[in-house]
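Engineer: Going down the list, the protein sequences come from chains A and B. Going by our numbering, the residue at position 133 of the first sequence is 133; the numbering climbs one at a time, nothing skipped. Take any residue in the second sequence, count from 1 to its spot, add 232: that is its number in our numbering.
Please note that a few of the clues may not be correct.
Okay, the calculated bits of chain B under chain A, using three or more residues with CB under 8 angstroms as the criterion [to be verified]:
1. 320-331
2. 448-462
3. 471-478
4. 512-521
Hints in this document: simulated from the structure, not taken from any laboratory. The beta carbon of each residue, even a glycine, is placed where N, CA and C say it ideally should be.
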Amino acid sequence: MLEDDSGVTKKRTLPLSSLSVSFRSHEMGEVELSCLAYAKMYLHASQFPRCSVNGLLLSSSPAGGAVCITDCVPLLHTHLSLAPITQLALTQVDAWCSQTHQRIMGYYQANACVSDSSPTPCALKIAEKIFEQCNNAVLLMIDGEKMFPGCRVPPIVMYERKDARWALKDKHTIMLRQWEETCSIVNQLFSSGDQALLVDFDSHLDDITKDWTNQKLNAKIMELVSPANGNV
Amino acid sequence: MSSISELYDVCWEEMRDKLRKWREENYRNSEQIVDVGEELINEHASKLGDDVWIIYEQVMIAALDCSRDDLAWSCLQELKRQFPDSHRVKRLAGMRLEALERYEDANKLYDSILQDDPTNTAARKRKISILQAQGKSSEAIRELNEYLEQFVGDQEAWHELSELYINEHDYAKAAFCLEELMMTNPHNHLYCEQYAEVKYTQGGLENLELARKYFAQALKLNNRNMRALFGLYMSASHIAASPKVSAKVKKDNVKYAAWATSQISRAYQMAGRGKKENKCSVKAVEEMLESMQITMS
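Bound-form chain A, shown alone:
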């Protein structure tokens, strides 16, 4: 719930904040999160504030190189732990990935109960499945408590596979380039109303004319991303 002094409704937006990300860490283990992926995850969580939501993290960079989450596919906002639709979604996203030279390299989830952003058994299970195919898979939990105006840190917690379990990733190895710009883009999406364009797999099943690959929204976001910044 977002409240400020004036009692005016605040949508979940982020301020322009300069987060300095430490670049120093061994090369291995660095994970970069693109503006596109971040924006869509954020929008997904904002679209269903009373539900747990989840989705898949994708990468278009070659396996073995630097790990970069270049896109995401929002999946569900109902019955995250039931098997059929999750299996269906994984299969379809897989098919789409092979057509578009991407691979599934992670999973994100935002819990309905904002005070608890720890991975649920369902999250661990799906992340485990992804890890079977991708050995630098990541599990990303969105921290709902940090999704308020004025918060200076990205509302995310990342886990990686270490010693047969999912361990908290050192936040200095998580790169969000152009953080200020990313926040600004998310703000712009909310003020223009374009955040309503986001379609997740659940919504697609309710109306199959809706596009879960979000081509339209992707185009809008890429338009807002300044061309000078390259790899975003």
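For chain A, the structure is supplied; the task is to place chain B on it using the hints.
Structural biologist: For chain B alone, kept in the frame of chain A given last:
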């Protein structure tokens, strides 16, 4: 900023009717309700007659959903003034406390309602909601079970309990709740389909066959339920691919899966017509169906 009536070129009667529709069909489009309701209350309250009170209630609840405590408070004041001793209004006051996360105060309010009137279901349900908000799922489940022993016909409660069990991965109990719902609502395709999903998740040949049957039943009740169609396809495919089934069972399920495939393809072709933006999702489905055909044969 222009008003709703200007933006959408509607008169106050249409706004009032929209609110009624949303109320009757239990929509939770709180931001819209706040936009429309606030304007209706501020500009046209005098024309609403006795409807105004139920609109205050509806707008208040929506306002809580949108963190509009200012609006919620003013609605509550109007209702308190008009209905000073009402339990119904007291419950709304409790909901406001919940929204402010003042759970102890809210509970006290609900307990005082229940002291006066032990059969007040609304207050009991709010207390259970507080447990859920605090993440106390096992207690919420326990309380909800006790509630249902007394109020065995409360559909909303049965459904809420099934959701709680699903979250806790207690699929057997979730299935039991959905069975109750299917018995009392035999024409509701959503309950059939959810039941099938739970059975599928439980796994094993018997559960898969049950899942397939209930996906099929859901489709009979609503042939546009895509989850049921995909569910039928997947459960039939898995049964057909199982080494434990007889040749006849395998043959039957291959047939069911093939039927489902054709229905899915048809649905996506119709959806894809003239809309190039969902080309990608259409292609993904085609590829998926192709690849699963190969594994089945």
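Engineer: Look at each hint and say if it fits the structure.
Structural biologist: Status of each hint after checking the structure:
no.: 1; hint: 320-331; verdict: violated (count 1)
no.: 2; hint: 448-462; verdict: holds (count 3)
no.: 3; hint: 471-478; verdict: violated (count 0)
no.: 4; hint: 512-521; verdict: holds (count 7)
Comparing the model with each earlier hint shows violations of hints 1 and 3; every other hint is respected.
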